[in-house]
Amino acid sequence: MTKTSPSLKLLIFVLVTTLTGFGVATVVGNLRFGSTHAYSAVFTSASGLGSGSDVRVAGVPMGKVTDVSVNSDGTALVTFSLSTERPLTAATEAKIKYKNLIGDRYVDLSPGSFDPSPLQAPIPLAQTTAALDLDQVVNGFRPLLQGLDPDQTNQLSASLIQVLNGQEASISQLISQIDTFTNALADRDQAIGQVIANFNAVLGTVNNRRDQFATLVDQLQQLVAGLNDDRDLISHSLGQIDDASNAMATVLTENRPPIAQDVSALGDLAGQLNAQTDTVNLVLSKLPETYRLTARAGGYGSFVNLFVCGLAIKYAQGPGGVTPMFTAPAERCK
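Quick note: the sequence shown, position 213, residue 213 per the working numbering, numbers continuous.
Simulated from the structure, these hints should not be mistaken for lab results. Mixed in with the good hints there might be a few duds.
To be verified - Label-pair ranges, simulated between beta-carbon atoms:
#, residue 1, residue 2, range
1, Asp-218, Gln-240, 28 to 34 Å
2, Leu-216, Asp-278, 25 to 31 Å
3, Gly-239, Val-202, 38 to 44 Å
4, Thr-182, Ala-214, 48 to 54 Å
5, Asp-278, Leu-311, 41 to 47 Å
6, Leu-266, Ser-245, 51 to 57 Å
7, Met-325, Val-280, 30 to 36 Å
Unchecked claim - SDA-like cross-link-like pairs, simulated, lysine to any residue; straight-line CA separation at most 25 Å:
#, residue 1, residue 2
8, Lys-64, Gln-127
9, Lys-64, Leu-88
10, Lys-97, Pro-150
11, Lys-99, Pro-122
12, Lys-314, Ser-302
Cβ coordinates follow ideal geometry from the N, Cα and C atoms, glycine included.
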């Protein structure tokens with residue numbers, strides 16, 4: 001059996017260690033050895049980006065940032081290399097997003113609207129979005145964060161990144177609308193104060209009459225319970241009311257012309273009665289006594305009982321055409 005020399009063992013160990021280290025560095029550093037293409041994008045701010053920052057497509061690392069510079073107009077020009085497997089088009093959109101809580105960021109690329117033409121110039125400012133300024137957001141929560149422990153603060157920050165990342169335009173619009181709303185409330189401070197005062201007065205009245213309100217609620221509950229018990233009867237009644245309404249509608253439709261004539265004639269009658277107001281009032285004033293005397297004649301049954309106290313017959317025109325009055329000697333006629 002031959003013995004392996006120490007030099008050969010050392011050589012094998014160094015070779016394996018080197019290959020293993022290179023593999024780990026490749027995985028950890030996201031090193032790529034395929035062909036790449038250089039692109040650039042213009043951002044309002046590239047804070048947190050630097051050479052070596054990831055460039056991702058659909059969340060998958062596909063390249064690296066190679067340079068970050070400042071343009072003459074104050075915008076940031078980010079140059080990056082991207083695998084030729086993912087060529088960019090003129091509609092490509094770029095966003096800077098948070099990679100972790102310590103401030104590392106990466107460039108996220110998305111296809112944007114459909115435009116198959118290849119990207120020639122840098123991605124314009126209209127198609128890029130800078131990262132959310134987490135410092136400003138957290139500073140706005142400073143009073144809240146003072147009562148939180150570090151773990152809770154980190155959890156809140158992570159949640160803010162997850163929810164707000166990439167929504168800067170919407171957040172800006174929301175803050176603007178909130179500012180307008182708060183200014184409107186401030187301008188109406190006196191009116192709001194008056195409303196609150198009036199509401200306090202109403203609540204005071206309700207509190208003073210809480211026993212009556214409790215009774216009202218109990219009675220309302222009893223009413224609702226009664227309606228619930230009679231729901232079948234009510235439902236049946238509503239059905240009958242619907243049938244009666246349909247029948248009434250049919251009757252009114254068929255008799256509309258006669259009803260219109262009656263209403264018109266009633267108007268004429270009302271006019272005549274109004275013209276003879278004095279006569280109508282006189283007749284109405286005498287009706288009670290007339291009804292009383294007439295009731296005496298029919299007070300003995302379903303017939304009219306008359307007693308003739310006197311009788312004269314008119315046989316010709318003129319004052320002399322009447323016979324003498326024949327009278328009865330009964331006591332009732334005296």
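Is it true that Gly-239 and Val-202 lie within 38 to 44 Å of each other by Cβ? holds (42 Å)
Given the hinted pair Lys-97 and Pro-150, is their Cα-Cα distance within 25 Å? The hint holds at about 23 Å.
Between Lys-64 and Gln-127, is the straight-line Cα distance small enough, at 25 Å or below? It holds: about 19 Å lies between the C-alpha atoms, which stays within 25 Å.
Outcome for the supplied range 48 to 54 Å, where the beta carbon pair is Thr-182 and Ala-214: violated (40 Å)
In this structure, is the beta-carbon distance linking Met-325 and Val-280 contained in 30 to 36 Å? holds (34 Å)
Asp-278 paired with Leu-311, Cβ distance criterion 41 to 47 Å: violated (35 Å)
Does 51 to 57 Å hold as the CB distance between Leu-266 and Ser-245, or does it fail? Distance hint for Leu-266, Ser-245 is violated at roughly 25 Å.
Given the hinted pair Lys-99 and Pro-122, is their alpha-carbon gap at most 25 Å? Given that 25 Å is the threshold and the Cα spacing comes to 23 Å, the pair holds.
Going straight from one Cα to the other, do Lys-314 and Ser-302 come out at no more than 25 Å? Given pair Lys-314, Ser-302 is violated - Cα atoms ~31 Å apart, limit 25 Å.
Is it true that Asp-218 and Gln-240 lie within 28 to 34 Å of each other by Cβ? Roughly 32 Å apart at Cβ, these two residues keep to the hinted range, so it holds.
Going straight from one Cα to the other, do Lys-64 and Leu-88 come out at no more than 25 Å? Satisfied, since the Cα-Cα distance of roughly 15 Å is no more than 25 Å.
Beta-carbon spacing of Leu-216 to Asp-278 - inside the hinted bounds 25 to 31 Å or not: violated (54 Å)
The structure fails to meet hints 2, 4, 5, 6 and 12 from the earlier list, while all remaining hints are met.
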